[in-house]
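Undergrad: Chains as they are written, first to last, in the working numbering: chain A, 1 to 576; chain B, 1001 to 1277; chain C, 2001 to 2174.
Since the hints were derived computationally from the structure, they do not count as laboratory data. Glycine residues also receive a C-beta, built at the ideal position from the N, C-alpha and C atoms. Don't take each hint at face value.
To be verified - Computed list of chain A residues with no C-beta within reach of chain B, every gap over 12 Å:
(1) PRO71
(2) SER425
(3) ALA486
Said to hold, decoys possible - Using 27 Å as the maximum straight-line C-alpha spacing, the simulated DSS-like pairs for lysine-lysine come out as follows:
(4) C:LYS2144 - B:LYS1068
(5) C:LYS2144 - B:LYS1209
(6) B:LYS1239 - C:LYS2144
(7) B:LYS1209 - C:LYS2058
(8) C:LYS2148 - B:LYS1239
(9) C:LYS2161 - B:LYS1276
(10) B:LYS1265 - C:LYS2148
(11) B:LYS1213 - A:LYS301
(12) B:LYS1209 - A:LYS388
(13) B:LYS1068 - C:LYS2159
(14) A:LYS179 - A:LYS357
(15) B:LYS1265 - B:LYS1213
(16) A:LYS301 - A:LYS282
(17) C:LYS2144 - B:LYS1265
(18) A:LYS388 - B:LYS1213
(19) A:LYS388 - B:LYS1143
(20) C:LYS2161 - C:LYS2144
(21) B:LYS1209 - B:LYS1239
(22) B:LYS1213 - A:LYS298
(23) C:LYS2144 - B:LYS1276
(24) B:LYS1209 - B:LYS1265
(25) B:LYS1239 - A:LYS388
Given next are the chains, with one letter for each unit.
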Amino acid sequence: MERIGVFLCWCGSNIAGTVDVHRVVEEALKLPGVVHAQNYMYMCSDPGQDLIKNAIREKGLNRVVVASCSPRMHERTFRKAASSVGLNPYLVEIANVREQCSWVHMNDKDEATRKALTIIRSMIAKVRRNAALEAIRVPVNRRAMVVGGGIAGLSAALELADAGFETVLVERTARLGGKMNRLATTFPYHERAEDILNPRIEAVKIHPLVRLYMESEVKDVTGYVGNFEARIVTGETETVEPVGAIVVATGYDLYPISRMAEYGAGTLPDVIDGLEFEELLKVSLETGEPVRRPSDGKVIKSAVWIQCSGSRDPEHHKPYCSRVCCLYTSKQTKLLTERNPGARPFVSFMDIRTDCKLTEEYCQKNIEETGTVYFRGRVSKVYRDGEKLIVWGADTLTSQTLEIEADLVVLAMAVEPSAGFEEVSKVFRSSVDNNGFFQESHIKLRPVESSPMGVYLAGAAQYPKDITDSVSQALATASKIQTMFAADELMQDPLVARVDTDLCSSCGLCVPICPYGARELDRRALFSRVNEALCQGCGACVAVCPNKACGLKNDSPAQVFGQIEVFVEKQGECAA
Amino acid sequence: MELSFYPGCTAHSTAWEFTKSTQAVMDSLGHTLTEIEDWNCCGGASARALNRAVGLGLPGRNLLIAQKAGRPLLIPCAGCYNNLCRARHAYEAGGEDAASLAETTGGGWEGAIDVWSFVDFFEEPGVLDTIRAKVVKPLAGLKIVAYYGCQLLRPPSVLHSRNWENPTALEKACEAAGATALDWSYKVDCCGADMGISHGGHAAEICTKLGEKAEEAGADAIVVSCGLCQANLDMRQTKTRLPVIYVTEVLGAAFGIPGAESWWKKHLIDPSGLFKS
Amino acid sequence: MNSFAMEVAAKSGEKPEACYQCGKCSSGCPAMRWFEWSNHGVIRMIQLGAEEELLRSKAIWMCIACETCGTRCPNDIYMSRLMDAMRQMARARGIPPAEPAVTAFHESFVGSVARFGRVHELSMLAVFKLKTRDFFTDVGAGLKLFLKGKIPILPSSVKAKGEVDRIFAWGVKK
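If we strip away everything but chain A, and leave its shape as in the complex, we get (with noise of 0.2 Å):
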């Protein structure tokens, strides 16, 4: 026997200031199977969400229509009062008439009331067929998986350790620590970068509860989050590790200087890449020697920075900002200055970008101390002359051309995600953007979060950042999985797909339009299965099922229809 509530909130006036809200109300008390209707001005309310209570415990309701705003804003919390009183709360359902009415129809009160009505009614023909659902349960393996032993995977490899969880750290390499391995110092402090990543280095190599893959790659990944099982391949060796979480940390490489042929396409040996300068930096700092060039050990007096190498080039290479090369380049020229008195640094920029901590007034201090020359325009061309490196430089502020004679050219090339990208993706299902950055659920909402649940994403490899940002984002990786450890099971909406068994064919179209992989065919049983951890509810399947076998929880083709039939009616009723 239904007993249909339904609860019409005034939103204070963003609904009611359209919506003749009594006479909805009396309408709907109208409507065959409701047996309560009330209008109240902020239902979402406390006060609000006990007169949904009280009238569940009060008039036995069964089915509960709130119409309001957006459920993408409080279907959970009346979704949470019902249950609180004992109703499944998946027999709720919201009718949106702000967003899909009052909002839109501002400018005639009689359609919008009238729509407002025709919402309802098609919302409480679908909660009719709704059927008490329960929240899927899923267990956690509370062992976690860091791919990738850079900085930003030796954090959260580091943090979820010491929390108490063992995680397993897989790196490609012979050697933890990345690309940081190759810095000589790290701005604006010039600390010895390998000061501080020794030490985090050791960490983890001694910790216990760290379980170190070096020279290995996970080759696959099966399974859904709490219960993933990679597979990772050492040479020869195959390992399957169990695991509730990964983090992708897999980093960045420099786009390469062949792709610049305007600057020697990587023929000429005194024009380099920033990661290149820094290994002569080092060699300097090692030696005590001045910064000597490639090609012939030159001592090098004079020398061109090419900032946005490749980046901000929506033509020819990468459209983005790399971020970190303005820093860089400051560092570099101020440590050129410290480690060969009298060198001349110069610099190409278009802009200064100093967005992180302390930099702003580095980078200014950087050029008042060495006297590099920060010229703003894009250089054309490098070239060799003889001995020297030429450089076609501008500066568009004083509208000259300067040609620049150079020791050595550092070009500070664009931060692109490591080689092997496409792979990565494939094997966590984790979806890279338009530059094969790994793409993030809500670029502002869930930075850390990749597209598959369980599957969280630090570092470079979802976009250029720094050493500070990196660990960040790492520890904000550690902090999410720990959250997830922190319940005993995972609850997950169960308004995923069914299989009626009986209609089912095991045609199997159903199970590689999952873009979860959440299908697969019995074939002893001859019907095809969902796996409810890993479903999300798209429909495809549905669509795609040729005999009408599967279809969605609480979202029925009968109950579509039934929807659809509400609003193609003839309607009369409720114009003023």
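Once you have looked at the hints, place chains B and C on chain A.
TA: Chains B and C in isolation, oriented as in the chain A frame:
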């Protein structure tokens, strides 16, 4: 190969020796060159400077004539090559330019034939081998720098150029003839183009620098594949006197083609000394 | 965008609004020293609507279309096309060119093509000299070339001249 040939307005005048050496060399290599019928001027840089539709229509007409002939089209003159590629690009890109081409030329470009400069020709598979096979007087001891200028290579998206910052096709052709191609950094810089006529002094500044850099690199001569580059460099080096020779003249000399002496006579800076055996 | 910039953009097919003034065009331009402004400066002036200054400038005539700028530009902007558009706009407005020798050259060249369908260098150069009233520059070199037979006396014409006329008729009408 059977090829169509677009001579351009300077073919029998200021670029006389380019045309003659081209015909002789292609003949030696066993290719037939058939001048396309009743061609018109490609417009140079002037037509498109004064009127966009005329600037496209003039080369467009030639493309259609060549398409009818149905053979790959070889265009020695770099400027003409550039203009015909622009017309091709406009036909293929659609939009207003393609519409104006339909009005001026009747349209109908189907992309049925290839359009080649000498850079394209030398990069065709096997061509360099055929050149090596025809060499009877290897030009050992001849040190050259190759100079491409602009029109052979840019804009890359319009010409479909493969290597526009450091091309090597001309060097490879000269090396196939036994000469030594020296490396230098100025091979794709502009020669001054039409300023050779309207502002000779400006062109002289540019060509003087090119001449000096070629000499610094150790070259005996500058090898070109463009009539205007040849004219500018031949006329406007003020500090050096390096002969400026067409790549086809180099090949012709290496092939031992009789009558090559008649080509040298046409130059302002006499290159004959380079080829006396 | 102001109306001048919009007109230049429409006529040229380029997008001057995409320019972020990086200066790469300027740093590679062989002719910029003969402009009043830098290469990127010209684009900036288009962006800001400096119609009078640009149409009356030498810069728009001194670009030699080497295409180095657009080849290297991160935003795929070719100065030569912007310059060609502004040349045409200046002529349409009857503005006397600031570099009359360049305009004279182009007019002589195109005039020759319009007449014969192909350029006849001798008459083209004669017309050029008449237009610029500069009869002595390069006369020596010109004579040498003539004596070497590189400047034929007689023109060579296109037979189906009507087809060439059609191109001019439509283009000029536009």
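Undergrad: Each hint: holds or not?
TA: Going through the hints against the structure:
no.	hint	result
1	PRO71	46 Å, holds
2	SER425	30 Å, holds
3	ALA486	56 Å, holds
4	C:LYS2144 - B:LYS1068	40 Å, violated
5	C:LYS2144 - B:LYS1209	24 Å, holds
6	B:LYS1239 - C:LYS2144	20 Å, holds
7	B:LYS1209 - C:LYS2058	24 Å, holds
8	C:LYS2148 - B:LYS1239	24 Å, holds
9	C:LYS2161 - B:LYS1276	46 Å, violated
10	B:LYS1265 - C:LYS2148	7 Å, holds
11	B:LYS1213 - A:LYS301	24 Å, holds
12	B:LYS1209 - A:LYS388	17 Å, holds
13	B:LYS1068 - C:LYS2159	17 Å, holds
14	A:LYS179 - A:LYS357	21 Å, holds
15	B:LYS1265 - B:LYS1213	25 Å, holds
16	A:LYS301 - A:LYS282	18 Å, holds
17	C:LYS2144 - B:LYS1265	11 Å, holds
18	A:LYS388 - B:LYS1213	14 Å, holds
19	A:LYS388 - B:LYS1143	23 Å, holds
20	C:LYS2161 - C:LYS2144	32 Å, violated
21	B:LYS1209 - B:LYS1239	8 Å, holds
22	B:LYS1213 - A:LYS298	24 Å, holds
23	C:LYS2144 - B:LYS1276	24 Å, holds
24	B:LYS1209 - B:LYS1265	25 Å, holds
25	B:LYS1239 - A:LYS388	23 Å, holds
Of the numbered hints listed earlier, those contradicted by the structure are 4, 9, 20.
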